[in-house]
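S.K.: So the protein sequences, as listed, match chains Y and U. Note that our numbering numbers the first sequence so that position 353 is 353, with each residue one more than the last. Heads up: take any position in the second sequence, counting from 1, add 412, and you land on our numbering.
Calculated directly from the structure, the hints in this document are not laboratory data. Treat the hints with care, as some may be off.
To be verified - Computed far set for chain Y versus chain U, every beta-carbon distance over 12 Å:
no.	residue
1	Glu7
2	Arg140
3	Gln166
4	Ile225
5	Lys275
To be verified - Some chain U residues near chain Y, calculated using beta-carbon distances under 8 Å:
no.	residue
6	Tyr478
7	Val490
8	Thr491
9	Ile493
10	Thr526
11	Ala528
12	Val529
13	Val530
14	Asn531
15	Phe532
16	Met534
17	Asp536
For clarity, every value in this text was computed on a predicted model and none was experimentally measured. Ideal Cβ placement from N, Cα and C applies to all residues, glycine included.
The residues making up each chain are set out below.
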Amino acid sequence: MLGQYFESLESGILSSIEKDGGKASPRKLYALEIARLGRRLYDGGHKVAWCGVAAPFDLLNAMGLTSCFVEFVGAMLASTGMAGNIIEQADHWGYSSDACSYHRSVTGAALAGLMPVPEILVGTTCPCTGGLGVIENLARHFGKPLFVLNIPQNDTVEDVRYLADQLRDLVGFASGHTGIPFDQERLTRAIENTNAARELFVEIFDLASRVPSPASSKDLNNFMISLALLLGTRECVDLARAFKDEFARRVETGSAGVKGEEIRLLWIQNRIQFKNPIEKMLEDEFRACIVIDELNDIYWDPIDPDDPFEGIARRCILIPFNGPSSRRIEHLKKLALTYRVHGAINPCNWGCRQGTGMRGLIEAGLREVGVPVLNLEVDCVDDRKFTEGQFRTRIEAFMEMIGSNRSSRRDS
Amino acid sequence: MYYLGIDIGSLSCDAVLLDGHGRVVADAIVPTGAKNAEAIALATELVLNRAGATREKVKAVVSTGYGRDRVEGRLASVTEITCHARGMRHLNEKARILIDIGGQDSKCILMSETGAVVNFAMNDKCAAGTGRFLEAMARVLQVDIDEMGELDRGARGDVTISSICTVFAESEVVSLIARGENICEIALGLNRSIASRTVSLVKRVAPDIDGMGIAMSGGVARNRGVVRALEEALGRPIFVPEAPDLVGALGAALFALERGARRVSRDDGRHADGRREGECA
Numbered sequence: 001m002l003g004q005y006f007e008s009l010e011s012g013i014l015s016s017i018e019k020d021g022g023k024a025s026p027r028k029l030y031a032l033e034i035a036r037l038g039r040r041l042y043d044g045g046h047k048v049a050w051c052g053v054a055a056p057f058d059l060l061n062a063m064g065l066t067s068c069f070v071e072f073v074g075a076m077l078a079s080t081g082m083a084g085n086i087i088e089q090a091d092h093w094g095y096s097s098d099a100c101s102y103h104r105s106v107t108g109a110a111l112a113g114l115m116p117v118p119e120i121l122v123g124t125t126c127p128c129t130g131g132l133g134v135i136e137n138l139a140r141h142f143g144k145p146l147f148v149l150n151i152p153q154n155d156t157v158e159d160v161r162y163l164a165d166q167l168r169d170l171v172g173f174a175s176g177h178t179g180i181p182f183d184q185e186r187l188t189r190a191i192e193n194t195n196a197a198r199e200l201f202v203e204i205f206d207l208a209s210r211v212p213s214p215a216s217s218k219d220l221n222n223f224m225i226s227l228a229l230l231l232g233t234r235e236c237v238d239l240a241r242a243f244k245d246e247f248a249r250r251v252e253t254g255s256a257g258v259k260g261e262e263i264r265l266l267w268i269q270n271r272i273q274f275k276n277p278i279e280k281m282l283e284d285e286f287r288a289c290i291v292i293d294e295l296n297d298i299y300w301d302p303i304d305p306d307d308p309f310e311g312i313a314r315r316c317i318l319i320p321f322n323g324p325s326s327r328r329i330e331h332l333k334k335l336a337l338t339y340r341v342h343g344a345i346n347p348c349n350w351g352c353r354q355g356t357g358m359r360g361l362i363e364a365g366l367r368e369v370g371v372p373v374l375n376l377e378v379d380c381v382d383d384r385k386f387t388e389g390q391f392r393t394r395i396e397a398f399m400e401m402i403g404s405n406r407s408s409r410r411d412s
Numbered sequence: 413m414y415y416l417g418i419d420i421g422s423l424s425c426d427a428v429l430l431d432g433h434g435r436v437v438a439d440a441i442v443p444t445g446a447k448n449a450e451a452i453a454l455a456t457e458l459v460l461n462r463a464g465a466t467r468e469k470v471k472a473v474v475s476t477g478y479g480r481d482r483v484e485g486r487l488a489s490v491t492e493i494t495c496h497a498r499g500m501r502h503l504n505e506k507a508r509i510l511i512d513i514g515g516q517d518s519k520c521i522l523m524s525e526t527g528a529v530v531n532f533a534m535n536d537k538c539a540a541g542t543g544r545f546l547e548a549m550a551r552v553l554q555v556d557i558d559e560m561g562e563l564d565r566g567a568r569g570d571v572t573i574s575s576i577c578t579v580f581a582e583s584e585v586v587s588l589i590a591r592g593e594n595i596c597e598i599a600l601g602l603n604r605s606i607a608s609r610t611v612s613l614v615k616r617v618a619p620d621i622d623g624m625g626i627a628m629s630g631g632v633a634r635n636r637g638v639v640r641a642l643e644e645a646l647g648r649p650i651f652v653p654e655a656p657d658l659v660g661a662l663g664a665a666l667f668a669l670e671r672g673a674r675r676v677s678r679d680d681g682r683h684a685d686g687r688r689e690g691e692c693a
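Make a model of the complete structure from these sequences and hints.
M.R.: Take a look at the structure:
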């Protein structure tokens, strides 16, 4: 089912590009690459590694593995409107309906035979133990070998070395179980691609922070979280360049992502993955634009292509979700100030202890820099729990509040 | 000229009519029922009749409540959060925290010293602790909803009732009745259950309530038992206006007066320059 979906998505996008004389927006090219990744995962012709979110995808790509974090499947099922039925399968298996729907949908998909059998699984202890539990379940379900990366929390020489050594072990593990020999030259080229893409991402986010932002609410939706899967590839560099060029063009021509941009918003954690009217409503009715997502940031340094393990390890450790909440909150404050946002929306995905556990601290932290937060309680994957009227009232009231406070400040 | 505010909620449709000086000349509360349009028409007709006015004399209408976008001929629609804050500010300038419990929503609104909304929190996931919750409990207790407010008089307070879910709470109440528990104890348990849920909303928007005036609006504020339980839980008196269920409609009417006087054009909740209520000029 999903394999067919990705195949027809890819061919549909390709014919649309052909129809437009080979021209395509960066967002269309992004959708094309996601479709291609999905097709590779499902076509049976590639060796697959199911992973945790913080896995080193450039390293795995360099080893010729089609690798992907499992939550991707949950997001895809949600975007196609299929998540509800699949989630029920996980519930029948004993998952609590209060648990994270990304993970319930992945588990349901595996039980329904909708997940390709991997060669290996690579779990990560960050960002959440729920995700690691799913990977462990999948390893047992598929009867395939599991490697768990224990990601330490501190950016110290010892912690970086500890993780870098695990990454070296991962290479041996993956090579041993897949039969793919490790190729240092191929890894060097992959890291050069990672660094090239990184430079372009920095430029993209710098452009997106301009006032008005050249980015619409949709342009960078799920951007960095998905492109992490393509790190190390030429396609990732080309895609990043397409976004950078488009945003530079828009800035040069004074073309804003949202015409007449009035309100700038920060979106915390992940977007809602199923079709919903929120972004359109924000833009059409309030001229409000989501100019920055929490996950759209480059917080890591360029990596040494000739000796990449320490650099990759540091990148994993520095994920803002890793470590104490103060680190994540400082990161959010930095984004709020850099992007000059007027408010932040935290969807507080149901069942996500990571997301909801610290929401009070996040709210207090952002208020310190004058940014109010709207805490929604939404299941980002299961559309059966979405009640549009309730969300509309909360968002409208939040927009009224921001608008009225800005007016008061201007008047005083 | 007159200015009309309509608050179309899940249980009732409330209307307030102001004159050009901002004085309330008429109000009405009718059940929403299954057809919003009929409730809106009836509430409008009632306030016009009571004021001896005609529709032509109404210069501006602002709507609020969950059915706010269904009010035809409105100048703007404004959320109930903003309207309740505006209405309460008009009634009590000292109120900084507003608790509004309606038919299916409970919310807490933090206002600045000038009355602007600076934060708010609403019930999520379920409507336990709202007007619907009380209706269900009144049905189980076989009392009229209006009697619920004084039912807890004389209770010792040794019954605790779940605030997680209306259905679970209902079955708990059935069990308590079956085992012969005194009705007044059950009523106090229910009021405290609502208070406990509501206090968490208050603490979310205002961790420290010292020195802040607290007010309550919405139909549930008519229930003195719930108000007493909230006062006990917060350790503070709560201001309740004479007609707490009309505060949203009053706020909407005040917006109609402000905006109507400025002769803003009506176009689906937008001002002449395309802005919506609350947006910056």
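S.K.: Starting from the hint list further up, note which numbers the structure goes against and sort them upward.
M.R.: Violated hints: none; all satisfied.
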